[in-house]
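K.L.:
Take the sequence shown: its letter number 126 is residue 1401 in my numbering, and every next letter is one higher.
Any given hint could be a false lead.
Restraint ranges, calculated between C-beta atoms of paired labels, are given here [stated by the list, open to error]:
id	residue 1	residue 2	range
1	V1746	K1573	24 to 34 Å
2	D1443	G1327	47 to 57 Å
3	N1655	K1573	37 to 47 Å
4	D1443	A1726	38 to 48 Å
5	Q1666	H1459	37 to 47 Å
6	Q1464	P1292	29 to 39 Å
7	E1489	G1327	47 to 57 Å
8	H1459	F1751	32 to 42 Å
9	D1485	K1573	30 to 40 Å
10	L1783	G1475	56 to 66 Å
11	P1292	N1343	19 to 29 Å
12	A1726	D1528	33 to 43 Å
13	Q1775	E1652	16 to 26 Å
Hints were generated in silico from the structure; no laboratory data involved.
Even glycine gets a Cβ: it sits at the ideal position worked out from N, Cα and C.
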Amino acid sequence: MAHLSVIEGDDRGTVFPLTGAVTTIGRHPDNQAALNDGAASRFHAKIERRGGQHYVVDLGSTHGTFVNEVRTNVDLLLAPGDRIRIGSTTLVFETETPDESKTAKTAPPGATPQAVDLPGETIAFSLPAGGGPAPEGLSDQYTERIQRVARAIQSLFDLDQLLTTLMDTIFEVFRPEHGVLLMHDKEGQLVPHIRRPDTGDWKVSTTVLDHAIEHRSSLLVSDMTVDDRFSGAESIMAQSILSAICSPLVSKDKVLGALYIDTSSHRLTYKREDLALLNIIAANAAIAIENAILVQEKVEAERLAAIGVAVAGISHYAKNILAGIMGASGLIEMGLQTGNLAMVRETWPILQRSNKKITGLVQDMLSYSKRREPNWESGNLNTLLEEIAEQQGARAAELGVELRLDLRPGLPDSQFDHQSIHDTLLNIAGNAIEACEGIAGARVILQSERAGDNELRVSIIDNGPGIPDDVAKKIFEPFFSTKGSKGTGLGLAVARKAVQEHGGKLLLESRVGEGTTFHCHLPIEPPPSSVTQA
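My request is simple: use the sequences and hints to build the entire structure.
P.N.:
Printed below as a string of structure tokens:
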């Protein structure tokens, strides 16, 4: 016997037999199929039997009658298994004997979209924002879509990249005609962050958006085209939109933004399963967005903190240099006024050293602050180490340090930026010599060797006091210095950056009481990317 089985709504599990020629459906008790559904009209629809076949007829209901999620305005012939949606109730038309256990399984438990009264809309269904577990009734296809979106956004912490990827994936999954991702601006207003397509005169329905945000619920609005209460200012192309979904992005009870999609295709109207799907996606996206915002804020805080440390370090060092310049300038001026040229000659080197220091500080800041492509030239690292030994020889002898060369015979020529690598090795060698001051039998060795098919290694070895582990961990950080007011803390940071720009590595080995070794690994030939850029 033909019958209607309720699979969604307050009357779930109820079976209405279709025994007469006409069976009316609605919320009024006089209906043969009376529903406990406030969203249904008093006399909403009827089922007519004509010549052994059954037709569903809408009776001018407020919110419409839907068969298989498509609104019908004509007498529609029913086939076994067709789903009829009236208000928030879904009934299945069957011609066989009802099987209550089978019927119960078709109703997805968990979050069920509820009908809501939304002024200006034809029919709307709502789900509380925040996602929760996926309803058991969702098909494997919907579950796979949820997983696809989660995979796409879960590891992204750049906010713009995250939002772009989110919209890309939503368009792949839902294939909407229009889509908008709204975020709060600096004034706290929701504004479109991504709008697709970004051309044409269309906008989001403020009625739908305001309801979704105010109630923090995802909203499905169906058959917008048949309701003459729509106005152009209230909807996105109300003349042609069939269905739309709006989901607020809510995390920790805070609305971060909203997602909106719509379609005007009769072959693609959104169902309540799509509402549940976008609701879950919005919940996952809100968490990912909040994480990205937190990461962004942390990076910004660290950047500002680093700037503070940099300004403090640079200003302290620069102040000491300027004090030297001012003092020397005063003495030179005094010597010139009194004709004491001996004072001028004695003070002039102090002024020159101070000028050299301030020039070096500026150069280090420039070197560290921007990416620089090495000026690749052919040369030999043995020759470079010999130059450094010659330049540092007098200083080493002055401090009682033996400066020794240990060069690999036949070391092949290689490509490197002569000035950059020269300054790097000179700085490290100078640090090593100063670290050994006052130590009996102090020595610094400049060593070269081949470390691989396309790699050379320069090692600067000293038998000084060594570097404690807590200092070694921070030795390459910018503005970290063990020299107090004598250093900027940029030397080793700039040195490592220069080596890395060559595609190499600058490594540290040290033991307290035994000494320190810096290993500078450099390629023989430039990395392919550098050759292309050059």
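K.L.:
Each of the hints needs a verdict: does it hold here or not?
P.N.:
Right, here's what the structure says about each hint:
Between V1746 and K1573, the C-beta spacing of about 26 Å keeps the proposed range 24 to 34 Å intact. A hinted range of 47 to 57 Å for the beta carbons of D1443 and G1327 is consistent with their spacing of about 51 Å. The supplied range of 37 to 47 Å is met by N1655 and K1573, whose beta-carbon atoms lie about 46 Å from each other. Against the hinted window of 38 to 48 Å, the Cβ-Cβ separation of D1443 and A1726 comes to about 45 Å, which satisfies the hint.
The hinted range of 37 to 47 Å is not satisfied by Q1666 and H1459, whose Cβ atoms lie roughly 59 Å apart. Checked against the hint of 29 to 39 Å, the C-beta distance between Q1464 and P1292 comes to roughly 55 Å, which is inconsistent with it. One distance hint, 47 to 57 Å for the beta-carbon pair E1489 and G1327, holds here, with the actual separation near 50 Å. At about 39 Å, the CB distance of H1459 to F1751 agrees with the hint of 32 to 42 Å.
For the hinted restraint 30 to 40 Å between D1485 and K1573, the CB-CB distance of approximately 33 Å keeps it satisfied. In this structure the hint that L1783 and G1475 lie 56 to 66 Å apart at CB holds, the actual value being about 60 Å. With their beta carbons about 22 Å apart, P1292 and N1343 fall inside the hinted range of 19 to 29 Å. For the hinted restraint 33 to 43 Å between A1726 and D1528, the CB-CB distance of approximately 57 Å leaves it violated.
A beta carbon spacing of about 19 Å between Q1775 and E1652 agrees with the range 16 to 26 Å that was offered as a hint.
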